[in-house]
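Asker: Could you build all of it, start to finish, from the sequences and the hints given here?
Protein chains in written order, with my numbering: chain R, 1 to 202; chain D, 1 to 202.
Rather than coming from a laboratory, the hints here were simulated on the basis of the structure. Hints may be right or wrong, so weigh each one.
[To be verified] Now the stretches of chain R that chain D is said to cover, found in silico as 3 or more residues with beta-carbon under 8 Å: (1) 10-17; (2) 25-35; (3) 56-70; (4) 153-167; (5) 183-191.
[What the hints assert, rightly or not] Over 12 Å on every C-beta distance to chain R, these chain D residues come out as not near it, computed from the model: (6) E15; (7) R95; (8) D101; (9) A125; (10) R126; (11) A152; (12) A160; (13) M162.
[To be verified] Chain D side only, calculated, beta carbon under 7 Å to chain R, not exhaustive: (14) V50; (15) D62; (16) L69.
Keep in mind that this is a model prediction, so the values were computed, not measured. Cβ atoms here follow ideal geometry from the backbone N, Cα and C, with glycine treated the same way.
Given next are the chains, with one letter for each unit.
Protein chains: 2
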Amino acid sequence: MTSDRLHDQIRFILEVDKLKGIVRRTYLADGTRRENSAEHSWHVAAMAVVLAEHANEPVDADRVVRMLLVHDVVEVDAGDTFVYDTAGAESKAERERRAADRLFGLLPGDQGGDLRALWEEFEAARTADARFAAALDRLMPVLHNIHTGGRAWRENGVTADMVIGRNSRMAEGSRALWEYARALIDRAVASGALAPAPGTGG
Amino acid sequence: MTSDRLHDQIRFILEVDKLKGIVRRTYLADGTRRENSAEHSWHVAAMAVVLAEHANEPVDADRVVRMLLVHDVVEVDAGDTFVYDTAGAESKAERERRAADRLFGLLPGDQGGDLRALWEEFEAARTADARFAAALDRLMPVLHNIHTGGRAWRENGVTADMVIGRNSRMAEGSRALWEYARALIDRAVASGALAPAPGTGG
Chain R
1 MTSDRLHDQI RFILEVDKLK GIVRRTYLAD GTRRENSAEH SWHVAAMAVV
51 LAEHANEPVD ADRVVRMLLV HDVVEVDAGD TFVYDTAGAE SKAERERRAA
101 DRLFGLLPGD QGGDLRALWE EFEAARTADA RFAAALDRLM PVLHNIHTGG
151 RAWRENGVTA DMVIGRNSRM AEGSRALWEY ARALIDRAVA SGALAPAPGT
201 GG
Chain D
1 MTSDRLHDQI RFILEVDKLK GIVRRTYLAD GTRRENSAEH SWHVAAMAVV
51 LAEHANEPVD ADRVVRMLLV HDVVEVDAGD TFVYDTAGAE SKAERERRAA
101 DRLFGLLPGD QGGDLRALWE EFEAARTADA RFAAALDRLM PVLHNIHTGG
151 RAWRENGVTA DMVIGRNSRM AEGSRALWEY ARALIDRAVA SGALAPAPGT
201 GG
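Answerer: As structure tokens, this is what we get:
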């Protein structure tokens with residue numbers, strides 16, 4: 001019995017190894033290459049440990065960490081959808097739902113159900129824990145862009161209005177982090193690392 | 001005040017981004033490349049969530065996760081020391097202590113102290129949480145080697161006696177996981193993926 005459970009759990013562990021091969025648009029802070037979703041997941045989970053005190057409402061930092069450890073696992077099947085890709089966003093929900101069925105379905109039922117519920121909570125972003133986790137997931141690419149002179153923004157034609165439009169929801173999880181990010185975005189526009197909104201003549 | 005704290009915390013977060021550039025000996029399960037310490041840290045942390053029930057003694061899975069999120073952070077300065085590298089192991093403790101001084105020292109004092117204590121607890125491997133964390137950290141490379149036909153073992157002249165000698169301590173954290181790993185190791189020797197101990201004529 002134990003060994004059946006363990007066998008299924010190891011199968012899941014090995015299957016999600018593939019997340020290391022899912023490449024995101026964002027570059028590492030040193031600009032050497034684009035990052036993958038596994039190392040990103042580590043980074044935002046570590047961020048939750050360090051930044052939990054900045055959530056708007058008290059959060060359970062350990063739940064936020066667990067949520068962030070699994071938040072991108074569905075990309076093993078569904079791939080990474082760039083946050084500014086509106087066409088991809090349309091099919092994203094359905095692709096990711098099917099991925100969740102398969103991947104969390106590899107685990108023993110109780111455990112697969114728990115982790116899937118955590119992933120769904122993250123996606124819905126309606127609890128304090130999920131809103132804070134989503135804020136961290138938004139802050140990280142802003143930091144990476146800032147430290148690479150706006151590289152992923154420029155490569156993908158992303159302008160300041162898009163960055164602000166996408167990331168202002170960070171404030172729902174943490175006003176402090178959004179205020180910090182907003183100041184960085186303004187400085188990026190001033191320095192030319194981020195293009196102003198089209199037609200603003202900036 | 002908050003913004004000073006936040007500034008220091010973000011500095012730490014960006015500094016540990018470098019863990020994504022620390023390459024380990026172990027290959028990804030699909031064999032495409034060697035893995036880095038950031039994605040490895042994600043993988044063992046996720047493993048702790050899934051496998052906590054197999055610890056010898058009851059563990060606080062959330063503490064184990066936090067411990068594993070920071071267990072390799074010192075490699076940003078100290079690099080990865082291959083577990084079978086006995087020469088490197090001699091200087092490892094001192095290199096890693098200095099790295100911990102610098103890296104955890106970037107954080108606000110209370111927080112840096114907490115995370116450093118967690119890292120030291122992992123290194124000492126004397127608590128139930130730390131012994132279980134160490135067991136997961138040992139199991140993962142065995143799984144990766146098994147799934148790549150023993151590639152990192154062969155490339156580094158690692159033989160069965162070395163693998164068993166190094167990994168039998170897994171049993172201190174989880175007899176169930178060591179039993180599982182031991183069966184995989186025996187099969188790897190039988191299949192030729194892992195060389196037997198020199199002189200055993202296997």
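Asker: Decide, hint by hint, whether the structure agrees.
Answerer: Each hint tested on the structure:
1. Here the region 10-17 of chain R counts 6 residues with a CB under 8 Å from a CB of chain D, which clears the bar of 3, and the coverage holds.
2. Given as covered by chain D, the region 25-35 of chain R passes the check, having 5 residues with a CB less than 8 Å from a CB of that chain where 3 are the minimum.
3. Counting residues of the region 56-70 of chain R whose C-beta lies closer than 8 Å to any C-beta of chain D gives 5; at least three are required, and the coverage claim holds.
4. With 0 residues having a beta carbon nearer than 8 Å to a beta carbon of chain D, the region 153-167 of chain R misses the requirement of three or more and the stated coverage is violated.
5. Counting residues of the region 183-191 of chain R whose beta-carbon sits less than 8 Å from any beta-carbon of chain D gives 0, not enough to reach three: the coverage restraint is violated.
6. Look at E15(D): its CB is around 9 Å from the nearest CB on chain R, not clear of 12 Å, so calling it non-interface is violated.
7. No beta-carbon of chain R comes within 12 Å of the beta-carbon of R95(D); the shortest separation is about 21 Å.
8. The claim that D101(D) is not at the interface with chain R holds, since no C-beta of that chain comes within 12 Å of its own (minimum 18 Å).
9. Listed as outside the interface, A125(D) is consistent with that label: its C-beta sits roughly 21 Å from the nearest C-beta of chain R, beyond the 12 Å cut-off.
10. Consistency note on R126(D): stated as away from chain R, and its beta-carbon is indeed over 12 Å from all of that chain's, at 22 Å minimum.
11. At the 12 Å boundary, the C-beta of A152(D) stays outside the reach of chain R, the nearest C-beta of that chain being 14 Å off.
12. At roughly 21 Å from the closest C-beta of chain R, the C-beta of A160(D) stays outside 12 Å, upholding its exclusion from the interface.
13. With 12 Å as the threshold on Cβ separation, the claim that M162(D) sits away from chain R holds: the shortest Cβ distance comes to roughly 23 Å.
14. A cut of 7 Å between beta carbons decides the hint on V50(D): the least distance to chain R is about 5 Å, and the hint holds.
15. Proximity of D62(D) to chain R holds as hinted, the smallest CB-CB distance being about 4 Å (cut-off 7 Å).
16. For L69(D), the suggested interface contact is upheld, since its CB lies about 5 Å from the closest CB of chain R, less than 7 Å.
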